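Novice: In order, the protein sequence lines correspond to chains R and D. Per our numbering, the very first residue in the first sequence carries number 1; after that it's consecutive. Per our numbering, the very first residue in the second sequence carries number 1; after that it's consecutive.
Please note that the accuracy of each hint is not assured.
What the hints assert, rightly or not - Residues from chain R that face chain D, not an exhaustive set, calculated with beta carbons under 7 Å:
{"#": "1", "residue": "Val110"}
{"#": "2", "residue": "Val117"}
{"#": "3", "residue": "Pro118"}
{"#": "4", "residue": "Met121"}
{"#": "5", "residue": "Leu122"}
{"#": "6", "residue": "Asp124"}
As the list claims (entries may be wrong) - Simulated DEER-style distance windows between Cβ atoms:
{"#": "7", "chain 1": "D", "residue 1": "Glu270", "chain 2": "R", "residue 2": "Leu31", "range": "56 to 62 Å"}
{"#": "8", "chain 1": "D", "residue 1": "Ser86", "chain 2": "R", "residue 2": "Leu16", "range": "37 to 43 Å"}
{"#": "9", "chain 1": "D", "residue 1": "Ser59", "chain 2": "R", "residue 2": "Gln7", "range": "29 to 35 Å"}
{"#": "10", "chain 1": "R", "residue 1": "Thr123", "chain 2": "D", "residue 2": "Ala35", "range": "24 to 30 Å"}
{"#": "11", "chain 1": "R", "residue 1": "Thr123", "chain 2": "D", "residue 2": "Arg166", "range": "21 to 27 Å"}
{"#": "12", "chain 1": "D", "residue 1": "Ala223", "chain 2": "R", "residue 2": "Lys43", "range": "55 to 61 Å"}
{"#": "13", "chain 1": "R", "residue 1": "Thr123", "chain 2": "D", "residue 2": "Ala227", "range": "58 to 64 Å"}
{"#": "14", "chain 1": "R", "residue 1": "Asp124", "chain 2": "D", "residue 2": "Ala35", "range": "22 to 28 Å"}
Keep in mind that the hints were calculated from the coordinates and are not lab data. Keep in mind the model is a prediction, meaning the values are calculated, not measured. Every residue gets a Cβ at the ideal spot worked out from N, C-alpha and C, and that includes glycine.
Listed below are the residues making up each chain.
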Amino acid sequence: MKLTWGQRVREARVTLWTLIVPPTVWAVHFLTCYLWVAISCAKAGAFPRYPWAFVAGTVAALAIIVASGVIAWIQSRRPGDPPPHDKGTDNDRLRFLAVSTMLLAALSFVGVVFTAVPAVMLTDCR
Amino acid sequence: MLTLLSGCNERQSMFATFGLTAERVAALTIFMVVAGALIFIAVMALSRHAIRAPENAISHTQGMRMVLWLGGIVPAVSLLALLIASLPLMRPLPVTAADLVVAVEGEQFWWRVRYPGPNGGAPVETANQIRVPVGQTVELRLTGADVVHSFWVPGLAGKMDMIPGRENRLVVRATEAGKYRGQCTEFCGLSHALMAFDVVAMEPAAFNRWLAAEARPAATQAAPGAALFEQYGCAACHAVRGTAAVARIGPDLTHFGARATAAAGILPMERQAVARFIRDAGDVKPGARMPTYAHMSAADSLQIADWLIGLRPTETRP
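One chain only, chain R, in its complex shape (with noise of 0.2 Å):
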């Protein structure tokens, strides 16, 4: 039986792997952003060729982690016993991952858009 994307979701599970992908974009799109222009401005003496680059790479990096936020929202809102989900038990173990992963994200995607701002609007290497 094919899954649809939703049951995808709710059967897929937030793990430590998981918990780590927003910040993890967050890090591979700032040290791209930084590095891309530094070695462009020291090796070539200009600005990279290719502004738009900058945004079609924030646009992705923001993708993904839109797409891990929502994944762990929607499991963050498993059903189950009543809070507080404090308890040693596989549900609130996974609640947890879930809601740190969301939290995550939101940090995530602000970081990935404070970072991009600088580098779409001074296009300049002085």
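Fit chain D to the known structure of chain R by using the hints.
Specialist: Frame of chain R; chain D shown alone:
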């Protein structure tokens, strides 16, 4: 309050602007202060409201929603808006190959200034005074000769470091003619605070006339001061174009008398002040490399001062 007000002046102030960049900086400063004040008032009002509200005035869900909006979304969006408002200022003014390039070198404790020669002639070197044409883009190439200095003309543009072995570029555009002042803003030694310079923004036609006059050799004539200048060995460090003095260790004195101040913005251009500096530069400027002439008589120093102050370019009318 009086101490603060003593900073108010027309010649060297971020708020007495005469340059494009400084005008934008002043506008952004006001915008940021107002925005910061509004945010502060809003936070204080909310705190007051929260402290005075009875317990359980809002539900847990309402509280969490408030944290989401007022603690997350509103601050992120406000900061993003402030960032976007400030970013255009970080973009330097555009500059073309045809724009005037002035080289400025910071030395303990004075400024070496070099203009391109008029009509493609030899560069014109002067010191402790920078002239810029109003309404034209000027690229300042800044470097340090000995230690790190920092170039700041608050009314013109932001500050920029002058680092030995490195050339930093500051693009400026004066908008209003007048006499202003700049100051070293990176601690560079004993007389760091006494390392200032005059800035003159002038109409382009007047600037071109001035540069042509500045490029000429010194308007000197046989005077007792000229002979004493040679006798005391001043030419070992200083240049006065048109005479035998060509050394480049100290400031160029070719048109010394035409500058608004002496000793890099510290002394008035008056014979007593200049004579005092000649005899004991270290007394005026501790740490200056110019030696003390303790054996020089007051009369001799006044003679040299008179000759130096008389060195003014002959202005030609177009």
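Novice: So, for every hint listed, does it hold in this structure?
Specialist: The hints, checked one at a time:
1. At about 5 Å, the closest approach between the beta carbon of valine 110 of chain R and any beta carbon in chain D falls short of 7 Å, and the interface hint on this residue holds.
2. The interface hint given for valine 117 of chain R is met, as the beta carbon of that residue sits about 6 Å from the closest beta carbon of chain D, less than 7 Å.
3. The criterion of a C-beta within 7 Å of any C-beta in chain D is met by proline 118 of chain R, whose closest approach is roughly 6 Å, and the hint holds.
4. Because the closest C-beta pair between methionine 121 of chain R and chain D is about 5 Å apart, less than 7 Å, the hint holds.
5. A cut of 7 Å between beta carbons decides the hint on leucine 122 of chain R: the least distance to chain D is about 6 Å, and the hint holds.
6. A hinted interface residue such as aspartate 124 of chain R counts as satisfied when its beta carbon comes closer than 7 Å to some beta carbon of chain D; here the least separation is about 6 Å, so the hint holds.
7. In this structure, glutamate 270 of chain D and leucine 31 of chain R meet the distance hint of 56 to 62 Å, their C-beta atoms being roughly 60 Å apart.
8. Between serine 86 of chain D and leucine 16 of chain R, the C-beta spacing of about 38 Å keeps the proposed range 37 to 43 Å intact.
9. Look at serine 59 of chain D against glutamine 7 of chain R: about 34 Å separates their beta carbons, and that is inside 29 to 35 Å.
10. For the pair threonine 123 of chain R and alanine 35 of chain D, the beta carbons lie near 26 Å from each other, so the given range of 24 to 30 Å is met.
11. For the hinted restraint 21 to 27 Å between threonine 123 of chain R and arginine 166 of chain D, the CB-CB distance of approximately 23 Å keeps it satisfied.
12. The hinted range of 55 to 61 Å is satisfied by alanine 223 of chain D and lysine 43 of chain R, whose Cβ atoms lie roughly 57 Å apart.
13. Roughly 60 Å separates the CB atoms of threonine 123 of chain R and alanine 227 of chain D, a value that falls within the hinted 58 to 64 Å.
14. Our hint of 22 to 28 Å for aspartate 124 of chain R and alanine 35 of chain D holds, since their Cβ atoms are close to 25 Å apart.
Violation of the numbered hints given earlier is absent; every hint is satisfied by the structure.
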